[in-house]
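S.K.: Here are the chains, one letter per residue:
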Amino acid sequence: MGISIEKLKPKRVRKNIELTLWERLYIFEIIRGMHITSMHFFINLIGFVLPPKGKKRRIMTVYYPEEKLTLPIAYRGRPVLVARENGSEKCVACGLCEKICPASAISIVAEERENGERYPSSYTLDMSRCVYCGYCEEVCPKEAIVMSAEYEGLAKRNRNNLRFSKEKLLRSEKSVKDRIEYIRGIYAKCNY
Amino acid sequence: MVADLIESVVKILFIFSVNIGFFSPILGWVERKQSALMQDRVGANRADICGFTLIGLFHPIADAIKVLTKEDFVPTGADRLFHTLAPFISLTPAIIAFAVIPFGGQYELFGHRVNLIIADLDVGILFIFAFASLASFGAVLGGWASNNNWSFLGGLRASAQMLSYEVVMGLNIIGVIMVYGTLRLSEIGAMQVNFFNWGIFLQPVGFVLFFTCAIAENKRAPFDVAEAESELVAGYFTEYSGMKFVMFWMGEFLEIVTIAGLVTTMFFGAWHLPFVSDRMLVDFFGFAGPNGASILAILVNVATFFAKVIFFIWLQMTIRWTLPRFRYDQVMRLGWKMFLPIALINIFITGLVLLAK
Chain X
1 MGISIEKLKP KRVRKNIELT LWERLYIFEI IRGMHITSMH FFINLIGFVL
51 PPKGKKRRIM TVYYPEEKLT LPIAYRGRPV LVARENGSEK CVACGLCEKI
101 CPASAISIVA EERENGERYP SSYTLDMSRC VYCGYCEEVC PKEAIVMSAE
151 YEGLAKRNRN NLRFSKEKLL RSEKSVKDRI EYIRGIYAKC NY
Chain Z
1 MVADLIESVV KILFIFSVNI GFFSPILGWV ERKQSALMQD RVGANRADIC
51 GFTLIGLFHP IADAIKVLTK EDFVPTGADR LFHTLAPFIS LTPAIIAFAV
101 IPFGGQYELF GHRVNLIIAD LDVGILFIFA FASLASFGAV LGGWASNNNW
151 SFLGGLRASA QMLSYEVVMG LNIIGVIMVY GTLRLSEIGA MQVNFFNWGI
201 FLQPVGFVLF FTCAIAENKR APFDVAEAES ELVAGYFTEY SGMKFVMFWM
251 GEFLEIVTIA GLVTTMFFGA WHLPFVSDRM LVDFFGFAGP NGASILAILV
301 NVATFFAKVI FFIWLQMTIR WTLPRFRYDQ VMRLGWKMFL PIALINIFIT
351 GLVLLAK
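So the protein lines, in turn, are chains X and Z.
Under our numbering, think of the first position of the first sequence as 1, with each following residue one higher.
Under our numbering, think of the first position of the second sequence as 1, with each following residue one higher.
Watch out, some of these pointers could steer you wrong.
Unchecked claim - Facing chain X, a subset of chain Z residues (Cβ under 8 Å, in silico):
no.	residue
1	30
2	34
3	37
4	38
5	40
6	41
7	201
8	205
9	208
10	318
11	322
12	323
Claimed, not checked - If you want the ones that stay clear, here's a sample from chain Z, every Cβ over 10 Å from chain X, calculated:
no.	residue
13	28
14	85
15	115
16	197
17	284
I should point out that these hints are in silico values taken from the structure, not numbers from a laboratory.
Backbone N, C-alpha and C define an ideal beta-carbon position, used for all residues, glycine too.
Looking at chain Z on its own, in the form it has when it is part of the complex (with noise of 0.2 Å):
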């Protein structure tokens, strides 16, 4: 019971700390930097602490600085509630859709089964979807309460846009839910031990809509009508300064993590490495004792899930600074017109295979 607590309290921490003490700040560093060397520059580099650069790590730091120190003010004529409210419901859902995602499998600690995963619900593909669709109550609130006609017309179109998008990634979903024949995540994990069962493989048409309706339902670019950096001023935030705009970016920042980390953990073979299962690791660690190999496989499991989040991270990084924004009437027929069609004959061929075996 105590132990329950404790493990449970020690996900939690780890879970809290890597996502908003390390993630957020980093990937703000890293989309500077990941667009610098990209575009052949270098990227911001002169925010020193005593004469040190550390080629500027320091600049999330001085981001926070800037950040807590602007006026905080609600717009004349706007609604105070929802406009201070808004930059709140766009980034709960993204911290709190991490709950259900494995980042490692099940080991005997202590005597005790410790399972990597803070909530294994058995519904855990479906809560990850009802808190998205959460969070685009986020943007449609920030457009409306801010007394502004182009926040408003911002705002229509992220709420357009991430319902549309909403449909068709249920659907693809679908598909892998037929094949692993589960909604759990942490099972559908367990499942691609043996290398030829990772999704991706198994569902490579789910993966690349998945992945492109994800990216359209974070509202970033090739999909970022909705903020279009150059054409509605900033969209339906242009009248947040200081914390409650860091929120709304955070929350952003932090659906990135969210999505590489669904990618990997139903398509990518979750914390596996290729030919590895979990009884192999703990085997191969056992010179350290019981307790001990358990600890050095669940490090190898964590960081290896890790580091396909980080590729997923950087893949989602590279599209950003490659792809130019599609107009909004494309993104509305992308999303019915085409993607739609094509997520639907995945889930019948998907079926005639399932029935052919």
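Okay, chain X solo, but in the shape it has when bound (with noise of 0.2 Å):
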């Protein structure tokens, strides 16, 4: 029974790799690897003066901030907090996405309305210490905080400045809807 002592025994493989007189004459591979680059060399450089028309950019370079990335629907960027039409946020301040998150940066202090609801009257999200991971996204039980595309705007001159509270937070459903349905499929098997 069980699995003999010779195959647990970890094999070492030798892989000999032998070098032709061709290649270990050195100097024609260092031709042949310095035409490749010097033919990206020239084509670039014809590319620049004369840029081929239609074709696509060979160049990878994107131009921040006059270009763009589009980014992918899967790209973690900055979290906010998702409202309803009427503006109020969808946040129950149930406080998993406080508790999950790793980087203890989210700070809630829950309120209850007049008609029952539970709301977080303070929701404060240290930008300082977000490490972007998107386990308060993937805990949330009401969607209600998701992970945007946004990355810029996070770069102040005072520490302060980066404890974003509610009302920054806040992104309307339509702009986050694409998101939602996305972790809607990933998520879903575990939270509903």
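Fit the two chains together into the complex; they arrive one by one in their own frames, and the hints show the way.
M.R.: This is the structure in structure tokens:
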């Protein structure tokens, strides 16, 4: 029964890479390599001076801030709170995101409205602590916090300005609709 | 007498302005842009003056301003004199070695024989090697004088590498000297009037070996174990900032230009266009009168020389950004166990061929 002791010991695999004589005379391989890179050089040089019409640009650089990349839907940017049509947040201050955040970036103070609903009277997300892991989005039972595609506007001159309050975090549901659809697809098994 | 003085001053000013004023900043720009184009990206192009970015040509000026406003310090426990002296020792031989490289032939100008070389020494090649050997002191001193283990290691590696490749370079050049029969660089250049007398045809192995050894001497990739950008922080110039760092850096670039100039002079016909001799050029421009013809011939030859120098600079940059770095023991093995025997065999075969003639 079980696996024999010979199969459990790791076998050392030795690959013998034999270089041909042509390859050991370095110089020809060097010339071949330099041919490849100088082809890149000349094609890009001519592409600068006379850019090819219609064809895709070969140089990969994105001229930020004039051009920006279109990010895929799975991109985890800044966390934002989702607002209903009447402007109030969907969040019910259950505290799950506060507990699961690995960087302890979220602080919630819960209050009760007149009609009995629970809501966060103060919701502070400290952006200097947030690591953009997405756990808060994954654990939220109300789809009230999602990772948007925003990555700008996070350079402040004062550390206190990075503690974003509820008002700064709210976004309308329409603007993050795609993200909510996406997380429904991947997290729905766990949440509902 | 006065004419000689004016001629010398003009030549010195010309070489200084071309080398330090033009090639140094431009090579910084070329390195960024050429590496960028070879890697399918745009280089640095954001430094602008009043909204004009001139494809990044203002970046060297921005570099200069940054370097001049940086704090200049000597690390604690370091030897003050040597720490300050090392960049100078590294930079000066690179500039001086250009004094014996001819950038044109001999012309009659205003009844006076003008020789387009600053110092026509009859030990031209030996002078260059003497000064290249001095440049290795800069690396050693820089590594020792910073009170830093890793700079010390970088300096050790640099000194061993430079020493071994100097030996091999000297042995390579003996083949060239045997073929041309003179040490004077202006004569070697003049003898390459005939296209089939160019050094590349007479000494092909010598060219490949000399070029490689010169790149190794300059501590440039693929032989940059001494600075080893991702291994030893910055090698022997870790503890340098501001102007001293730029002096090391400029010394490296100027030596690129010197190597390109040397290779052009000895192997690629110095200032000659392939099948055109000086006499033909002066006759061709005869319509402008004797002085005008000389001036136009001078311009054509100097432009040819610098075009070839630019080609070799481009080649060295391409080699830098194509090849991976050698390991240190591979560098040493290459120098002593592979290049030295090939150089000796080269001398032997050259001697046999010359005897057979």
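S.K.: Next step is simple, just say for each hint if it's right about the structure.
M.R.: Consistency of the hints with the structure:
Residue-level restraint check for residue 30(Z) is violated (minimum Cβ-Cβ distance to chain X is 11 Å; threshold 8 Å). A hinted interface residue such as residue 34(Z) counts as satisfied when its beta carbon comes closer than 8 Å to some beta carbon of chain X; here the least separation is about 7 Å, so the hint holds. The beta carbon of residue 37(Z) is positioned within 8 Å of a beta carbon in chain X (closest approach about 4 Å), and the interface hint is therefore held. Below 8 Å, beta-carbon pairs count as interface contacts, and residue 38(Z) has one with chain X at about 5 Å; its hint therefore holds.
Given the 8 Å rule on beta carbons, the hint for residue 40(Z) holds: about 6 Å separates it from the nearest Cβ of chain X. Using the Cβ-Cβ criterion of 8 Å, the hint placing residue 41(Z) at the interface with chain X is satisfied: the shortest such distance is roughly 5 Å. Given the 8 Å rule on beta carbons, the hint for residue 201(Z) is violated: about 18 Å separates it from the nearest Cβ of chain X. Below 8 Å, beta-carbon pairs count as interface contacts, and residue 205(Z) has none with chain X, the closest being about 10 Å; its hint is therefore violated.
For residue 208(Z), the interface hint holds, the least distance from its beta-carbon to any beta-carbon of chain X being 7 Å, beneath 8 Å. Interface restraint check: residue 318(Z) against chain X, minimum CB-CB distance 6 Å, threshold 8 Å, status holds. At a threshold of 8 Å, the smallest CB-CB gap from residue 322(Z) to chain X is about 5 Å, leaving the interface hint in force. A cut of 8 Å between beta carbons decides the hint on residue 323(Z): the least distance to chain X is about 6 Å, and the hint holds.
Remark: the non-interface label on residue 28(Z) is consistent with the geometry, its nearest Cβ contact in chain X lying 18 Å away (cut-off 10 Å). The Cβ of residue 85(Z) lies farther than 10 Å from every Cβ of chain X, with a closest approach of about 37 Å, so its non-interface assignment holds. At roughly 36 Å from the closest C-beta of chain X, the C-beta of residue 115(Z) stays outside 10 Å, upholding its exclusion from the interface. Separation of residue 197(Z) from chain X is adequate, the least Cβ-Cβ distance of about 24 Å exceeding the 10 Å criterion.
The beta carbon of residue 284(Z) sits about 32 Å from the closest Cβ of chain X, which is more than 10 Å, so the claim that it is off the interface holds.
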